[in-house]
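Novice: Chain P is already provided as a structure; the job is to place chain F on it using the hints.
In order, the protein sequences belong to chains P and F.
Numbering of the first sequence is given in my numbering, commencing with residue 1 and proceeding in unit increments.
Numbering of the second sequence is given in my numbering, commencing with residue 1 and proceeding in unit increments.
Hints listed in this document are in silico derivations from the structure and should not be mistaken for laboratory results.
You can trust all of the hints, since none of them are fake.
Simulated DEER-style distance windows between Cβ atoms:
hint	chain 1	residue 1	chain 2	residue 2	range
1	P	Ser-71	F	Thr-52	33 to 39 Å
2	P	Gln-61	F	Arg-84	18 to 24 Å
3	F	Arg-45	P	Glu-21	55 to 61 Å
4	P	Glu-105	F	Ser-87	36 to 42 Å
No residue lacks a Cβ here, since even glycine has one placed at the ideal position from N, Cα and C.
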Amino acid sequence: MSNRSDPDTDHTAAPAKHGTEAAMRWLDEHGDYLFCYALSRVTDSHVAEDLVQETLLGAIQSHGQFGGRSSVRTWLTSIMRHKIADHLRRPRRLHEGQDDARASEEAMERFADSHFTRSGKWRTVPGRWAKGSDDPSAIAESEEFRKVLRACLEELPERSAEAIDLAERREMTLKQISNILGVTSTNIGVLLYRARLALRRCLELNWFRGR
Amino acid sequence: MKNLKLLNLNCREAGRLVSEGMDRELTLMERIGLRIHLVICSACRAWRRQLTLIRTAIRKDAAVAVGTAPEHVRTKLSDAARERIRSAIAARP
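With the rest of the complex left out, here is chain P (with noise of 0.2 Å):
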């Protein structure tokens, strides 16, 4: 009886060596895209780089499942969906306490109170962002707006920047967030205006000044 293992079908011997190659190899060839499908769903560049890291860990652990019927792309997407979901159920930001919420949520309300006069006429005009028939989503082709653009999505606080991701990116109804955040579609209707207001104010400073 021979004792000899053959690498590629034996997982058992020197498995930590097999997985740490193929995840390095992985990384090199999926490890961008990876990178950008985290991107698209969580907005905190550093989380996606976490995201992609704990997706090739994770990838290394359940190889021998990998039966081969998909492509490699497929299967390390499948389980960084997993990896997003369990980042979105996880209580964000433990380090900011109860008090931090309310207090930037307090700030939240003063900053778009501060927008409108005592009689609700606005403060100062909305400025023109895109000139006559500009098209809008022309603008976001830029990768240093997109830039702009996370980096004032990052700004908002934890539950303002949850609802806009559902409202923006996965397209929910008020209904449905309210449902998802535990909190009543009146107050996310709120909620959702606050940081719109914020998010504008953000790229309005920072891109579209002296543009």
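Specialist: Same frame as chain P, now just chain F:
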């Protein structure tokens, strides 16, 4: 909001309805009241255009990020991030 009030919105209220209209169906009265306000208020029309642009940009960012856009537009992992991940993989027990 009471129906009579809907026919006489100020910008704070109209701005809120523009935002709400992006996430739910407005009632008939809300739609009418908002339309009346927007006809006479260019400031709120500008606000609506800005919200549309923000929505377009965020969705475009998502679409681009998933790799449906040409290579040069897609975001890549930074070299530093790659190194970190490589180390983490190599450090596995």
